[in-house]
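Visitor: Sequence order for the protein chains is A and B. Just so you know, we're using my numbering here: the first sequence kicks off at 1374 and counts up by one. Just so you know, we're using my numbering here: the second sequence kicks off at 6 and counts up by one.
Hints in this document: simulated from the structure, not taken from any laboratory. Treat the numbers as computed from the prediction; the structure is a model and nothing was measured. Misleading hints may appear alongside valid ones.
As the list claims (entries may be wrong) - A few chain A residues that face chain B, going by a derived Cβ cut-off under 7 angstroms, partial list only:
#1 A1487
#2 L1488
#3 L1490
#4 E1492
As the list claims (entries may be wrong) - Listed below are the simulated DMTMM-like cross-link pairs for lysine to aspartate or glutamate, each with C-alpha atoms no more than 25 angstroms apart in a straight line:
#5 B:K284 to A:D1489
#6 B:K284 to A:D1469
#7 B:K305 to A:D1469
#8 B:K284 to A:E1460
Stated by the list, open to error - Beta-carbon label-pair distances, calculated as ranges:
#9 B:P155 to A:G1478: 52 to 60 angstroms
#10 B:Q178 to A:V1438: 51 to 59 angstroms
#11 A:D1440 to B:E108: 47 to 55 angstroms
For every residue, glycine included, the Cβ atom is placed at its ideal position computed from N, Cα and C.
The residues making up each chain are set out below.
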Amino acid sequence: MPTASHPPPEEPLRVSILRQGGYLIASIHAALDDGQLVRFRRDLLDQIGQHRSRGVIIDVAALDVIDSFACHTLRTITEVSRLRGAETVVVGIQPDVALAMVRLGVSVEALATALDLEEGMALLEVITAGAVFLPGKGTR
Amino acid sequence: MRLADDEGRQDVMGQMSSQQVADGNEQDEEDAMLLPELVAHLRGNRGTLREEWASRIKEAHLLSAMTPQEVFSEVTSVYDNYVAVLETGSVDELRHYARDLSERIIPRGVETHEVIGIVLLLRDVLARSLFEKYRDDFEMLNRVLNAYEPAANRIANTVAGSFVEERERVIRQQQDSLRELSTPVLQVRERLLILPIIGVLDRERAHQLTDQLLRAIRAHRARVVVIDITGVPDVDESVADDLVKTVDASRLMGAGVIITGLSSEIAQTLVTIGVDLGKMNTVGDLQGGIEEAEHLLGFKVVRTDDADR
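From just these sequences and the hints, can you work out the full model?
Guide: And the structure:
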């Protein structure tokens, strides 16, 4: 939730959202607080609509902690983007983060996950098979 | 009576006034003078006392794992160390020796009660010889015992302590190596890992195992993992819970998990106690699990003679 100490919304998020063919690749570069997560969700979902993306990859490799709110945000993004016709894959979850998430008991079943960006692309291609626009069939 | 008084006085030493401390020191010095006499007595009768002790050990059926010659040579060393401690008042050397001795005899199955038993026997043998020597002078006997008993108890403590420490060290070492050995994560094909679990799966081990597996998934870029639990004797609710967590965490890392080796008894138990393994991909045996994994990864194994045909 946004609080008084929260930075003004003008400050850019430390997140890059890149377009790669029919997919969007969102890389989170540093830990986001709850307010920033909400903005990230809004930005990403806006861009999915703008670019008519078929798939989204969210790279969380830089995160040391994924708490319940972050998890909830990832789940919401997955569900909302599916309603708008895009599949979401979360990539780059660190071993310690994975362990912590499972031990905390956060519900992760709805998330599609892959090891890293490359694997995520491959997985998206499988999930969205039949999509009109399939850029570069991976390196392998 | 006198003994009790002496002990009482020693206990409150710390709180005594300087006058009383001086008195106490005087008394202690007098007692300390007795130690050389005691040591001389034990040195003089080394042969007989040692024999006596060795035969008492034999009677009590202690150290049965060792030959009489070995017992005798150890008895000699312990005896000499014992006298040396009485003489110098320092147990460091004895502690060192006791550790060394423990290291040698623990692998041969010598038990704690045996070690404590022989030290207490030696204490008794020596005390008896003192009783005999000073039986005409009760006052003197009391004073000699005052000097002897604390030292003897300290020796018994040191030996028993060293033995137990050594034993614990061995146990810890074995636990460590067992832990290291028992959780290998092996790559059988590109992107396919197997994790054969042997032995009891407790909470700590389950955590360590999950940790190791997740790191291996990243290192090998694994896409499928086969966990074989044929060697796990008992799968109960908590183990199943740990397995579910391992599967979930691996999935977050992008690797699917196949569990193999659930015996029919274990499967029935799990169903009976209502553990939900519905989300888990389970296959009967390791072979089936690897075949399933190969199928998922798109491998096809073909016999060479079939291929040639």
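Visitor: A separate judgement is required for each hint: does it hold in the structure or not?
Guide: Okay, the hints, checked on the actual structure:
A hinted interface residue such as A1487 of chain A counts as satisfied when its beta carbon comes closer than 7 angstroms to some beta carbon of chain B; here the least separation is about 4 angstroms, so the hint holds. Given the 7 angstroms rule on beta carbons, the hint for L1488 of chain A holds: about 4 angstroms separates it from the nearest Cβ of chain B. With a least beta-carbon distance of about 11 angstroms to chain B, the hint placing L1490 of chain A at the interface is violated under the 7 angstroms criterion. Look at E1492 of chain A: its Cβ gets to within about 6 angstroms of chain B, closer than 7 angstroms, so that hint holds up.
Between K284 of chain B and D1489 of chain A the CA atoms are separated by roughly 24 angstroms; this keeps the pair inside 25 angstroms, and the hint holds. Under the criterion of a C-alpha separation no larger than 25 angstroms, the hint pairing K284 of chain B with D1469 of chain A is consistent with the structure, at around 22 angstroms. At roughly 34 angstroms between alpha-carbon atoms, K305 of chain B and D1469 of chain A are farther apart than 25 angstroms, so this suggested pair is violated. Distance restraint check for K284 of chain B and E1460 of chain A: the Cα-Cα separation of roughly 22 angstroms lies within the 25 angstroms cut-off, and the hinted pair is therefore satisfied.
Checked against the given bound of 52 to 60 angstroms, the beta carbons of P155 of chain B and G1478 of chain A, roughly 58 angstroms apart, stay inside it. For the hinted restraint 51 to 59 angstroms between Q178 of chain B and V1438 of chain A, the CB-CB distance of approximately 36 angstroms leaves it violated. Range check, D1440 of chain A to E108 of chain B: about 50 angstroms between beta-carbon atoms, so the 47 to 55 angstroms window is met.
The structure fails hints 3, 7 and 10 (numbered hints given earlier, in ascending order).
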